[in-house]
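Put the two chains together into one complex; each comes in its own frame, and the hints tell you how they fit.
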Amino acid sequence: MDVLVDADRLRKTFGHIIAVDEISLKVARGEVLGFLGPNGAGKSTTMKMLTGFLEPDGGVARICGVPVTERPKEAKSKIGYLPEGAPAYGDMTAGSFLSFIAEIRGFDGSVKSDRIAEAVTRTGLERVVDQPIETLSKGFKRRVGLAQAILHDPPVLIMDEPTDGLDPNQKHHVRSLISEMAKEKAIIVSTHILEEVEAVCTRAVVIDRGRIVADGTAEDLQRQMPYHNAVALMVDRERAEAVTNALSALANVQSVERLAKENGHIQLRALPKNGAAIASDVAAVLAERSLPVAELYVERGRLDDVFRKITTGEGDRHA
Amino acid sequence: MRNVWIIAKRELAAYFGTGLAYVFAVIFVALTGAFAFFVGNFFERGQADLIAFFQYHPWLYLLLVPAVAMRLWAEERKTGTIELLMTLPVTTGEAIVGKFLAAWAFIGFALLLTFPMWLTVNFLGDPDNGVILTSYIGSFLMAGAFLAIGSCISALTKNQVIAFIVAATICFLFVMSGSDLVLNFFRGWAPRIVVEAVSSLSFLTNFDQIIRGVISLSSLFFYLSIIAFFLFANAIIVEQRKAA
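Going down the list, the sequences are from chains A and B. Its first residue numbered 2, the first sequence is counted upward by one per residue in the numbering used here. Its first residue numbered 870, the second sequence is counted upward by one per residue in the numbering used here.
Check the hints yourself; a few may be wrong.
What the hints assert, rightly or not - Simulated DEER-style distance windows between Cβ atoms:
no., chain 1, residue 1, chain 2, residue 2, range
1, A, Val112, B, Gly949, 28 to 38 Å
2, B, Leu900, A, His17, 24 to 34 Å
3, B, Ser1069, A, Asp131, 49 to 59 Å
4, B, Lys947, A, Lys74, 19 to 29 Å
5, A, Gly166, B, Gly886, 37 to 47 Å
Claimed, not checked - The calculated PhoX-like cross-link candidates involving lysine-lysine, where the alpha carbons are at most 25 Å apart (straight line), are:
no., chain 1, residue 1, chain 2, residue 2
6, B, Lys1111, A, Lys74
7, B, Lys878, A, Lys74
8, B, Lys1027, A, Lys139
9, A, Lys79, B, Lys1111
10, A, Lys74, A, Lys172
These are computed hints drawn from the structure, not numbers from a lab. Using N, Cα and C, we set each Cβ at its ideal position, and we do this for glycine too.
Just chain B, with the same shape it has in the complex (with noise of 0.2 Å):
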């Protein structure tokens, strides 16, 4: 335990000291402000509630969120430091974890600073802050469930351009996997339980339940074993194939 405090510690420092914390966050409180009044007609909906702002949280988090992750592994490779670091008393998970959690850590803090939204929604009515609640919850545990995918998939490379665009391509497949992009691939062929699980993977109908108070443990549990897979597939990559 210790030892992941030590390396989420320093992977902090390291977003906040190269300023790529300043400027992810800068970006992502535009963004979903932006969003939230222009696309999501914030004020024209007339309803004291923040689904029009989160409601763009999956689609900016598959821009965002595997532009965190791809440096996480793919960047130990390329400059040699994962030698360094396995080399540590430090085991594998430890330094999966530590990592994992400084960045979504940092991405939690980047939420955080959307509370502006939140007060503003307080001034002009009554929203149910319960749910607001919930939301941010569950658009954090989201936003982890992509950067363990992207996590898992710079293990893979040396090169952060192909984690990026490699992590945000199997991330856009889960945001869509509850729609008929995804499921007409499966509906030819595959059984009907088959084309149900893989609708149930969906990101997107998954946290549509989630911001419109429909809380189940489902869909919190649904991203704690995203994250928790895709940390494990994480450790058995970075196992194979630190020395290539």
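Isolated chain A (complex conformation) (with noise of 0.2 Å):
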């Protein structure tokens, strides 16, 4: 596996208070990994001290084996960073802003102006290259953010929160921008939004008070949750002894839960045992006894869930 990113047992402290507690985490080549946490959990605390902003009290980064703190200078040459809130120079073009930041990272005559177009075309800045920053709207600005921490075509990329405040058009678009270049970078993306580490993510890390406290895949996230994988059903009111009794008797089936009462509807929630898939049996037994249901579905725990269950110990109830 090739480590791109590597903190080792990251600290930092704000005077009385610990931001981030001995972080430490890998990223390899082709992952996106989702930094996921509360605000003030240290999010941006971590990422400041991966790009070199801030020095860590305690704990080493190293980026592609280089070490931020003693060769900050090589370091940053191979990442890529959108800091949260996309500041650039507002008095500046986007072009312009482009053209400083190619010359800055070293890049001169037609590599430079090969390197900004590329950059402005797949973030889709053609119309307003020539428009001074200050006056775009907040998504073409979080475009020229990115399209700054892309144009070098960076190893690693490090993003604070690239779609907040996006409509969803442009949240889609920033998504396909990072799924496109996933492949050969690690890339590390920041946010509060749990359906962006679903939509984009290999991997995700949830942090709160400066540790992590979870780390896996989505998957991984959803499976903690007692509802992952349970069936959801919507059925008469007349009906809802008999598919209860129905459902009981399945081998895979811990428990069946009654639920609300909608317009005559009765809602039923079967919990499999061990998380187990019980969707097929579900529906097999309901069709060998013919009892007709208006809506089935399976619930994946809700990311949302896990997030609150992880973060504040509360979320393990939800309906």
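Right under this line is the structure:
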């Protein structure tokens, strides 16, 4: 495995507050790591240490094997970074801003214009290249920040809330851009939008109060939920009893819960034993006894609940 | 060096792009002229020199240079671009020197635009152009010293107004440090050598010598060392406080 980002027991305190408490993580080429956590959990601080903006109080961050604190210039040249809020020099036009970034990144002449042109095309900035950044909409500003981060085709891409405040189309665009680049880079994306993790990330790390509290795929996180793979059904009130009995008899079903009543219907939820997949069994038994249902779906265990459960100890109940 | 130039170029473009450059240059040229003619009695003195013109430079710089310097770092911190800049492959030193040189060059540009004063005095009489040249150099160096102080203070805060007021106050103390206003504060308790040291820090005394033709290396060196000292302090402050 080609580890491009390696954080080893990173630690950062501000006065008495421990912002990041010995966070260690590795990100390999081809991975898109979703960095999750409530506001103030230490996501941004960790990213700032990885990118060399903040010096850690303890631990080492290495980018492509280069220690960030000892050889900052070399490490920084391997990173594309989109800071939170995508700051940029507002009085510059998008084009001149990217030209400045390209020069600082060491490009000259035709290589420079090629790089800028490519970043502009990839982020869809063609229309606004000659406009001052301060006059651009939030979505375009964010894209300027993205263009700036990917301009030198860095092996490591670190983005702090890249889709925050964007409309659904813009979010989709940013996500497909990330997925496009995912293969040959190590990417870290911080977010508190959980759907994003499902959409683009190969792995999710949840941090809370400066510590890593969960690390795995989105699927792994969902599996932690008690309702993972549970089957929810909507049935007529008269048939509720019969359905409950039929489902309870199944080998893989732990229990059947009765939830809300709606318009003469009753919502039931069949909980599986050990998270087993029971949907087909449920469907089969219902068909066999010819019990019609108005609605049937498999609950994944919503990431929001997992998130709440992990970071606050709540979220076991929902419905 | 390449990075210093790239950063300076960007800053200069910002000065001219936002109109700040033109406002500053026009006001600077107008005020230096107004002071020389109306307060300094340029004509009435009947002397073919530019002392009437140069002697007000410290006071004009006191107002105008902190106004240029206040945005250098405070604005970067306010808008968050400092995070962008300091995660690019540039060192803190390169960023500080690049920004400083751009602002300095731009003040130098405004200073050059006062050349009609030089034409006038050469038209009217036969001045010592050597003294005028060193006065220009001295004035430029003094502006650099004001600017380095302002840049350093600007890194301490996100608020440009605070940066302006604090920088102007510190510059004022440096200007006045040869006068009783400042020296009396030290005379009561400090040893003589301290009082003399403070007195020798005076921008005014050093500049007066230069414009009267007493060009000593120590006066030029004085301004250069002030610049070096405050830019060094600037680097430490940026390193320490960039996250705050």
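Against the structure, the hints:
{"no.": "1", "hint": "A/Val112 - B/Gly949: 28 to 38 Å", "in the structure": "holds, 29 Å"}
{"no.": "2", "hint": "B/Leu900 - A/His17: 24 to 34 Å", "in the structure": "violated, 50 Å"}
{"no.": "3", "hint": "B/Ser1069 - A/Asp131: 49 to 59 Å", "in the structure": "holds, 53 Å"}
{"no.": "4", "hint": "B/Lys947 - A/Lys74: 19 to 29 Å", "in the structure": "holds, 26 Å"}
{"no.": "5", "hint": "A/Gly166 - B/Gly886: 37 to 47 Å", "in the structure": "violated, 27 Å"}
{"no.": "6", "hint": "B/Lys1111 - A/Lys74", "in the structure": "holds, 17 Å"}
{"no.": "7", "hint": "B/Lys878 - A/Lys74", "in the structure": "holds, 21 Å"}
{"no.": "8", "hint": "B/Lys1027 - A/Lys139", "in the structure": "holds, 23 Å"}
{"no.": "9", "hint": "A/Lys79 - B/Lys1111", "in the structure": "holds, 22 Å"}
{"no.": "10", "hint": "A/Lys74 - A/Lys172", "in the structure": "violated, 32 Å"}
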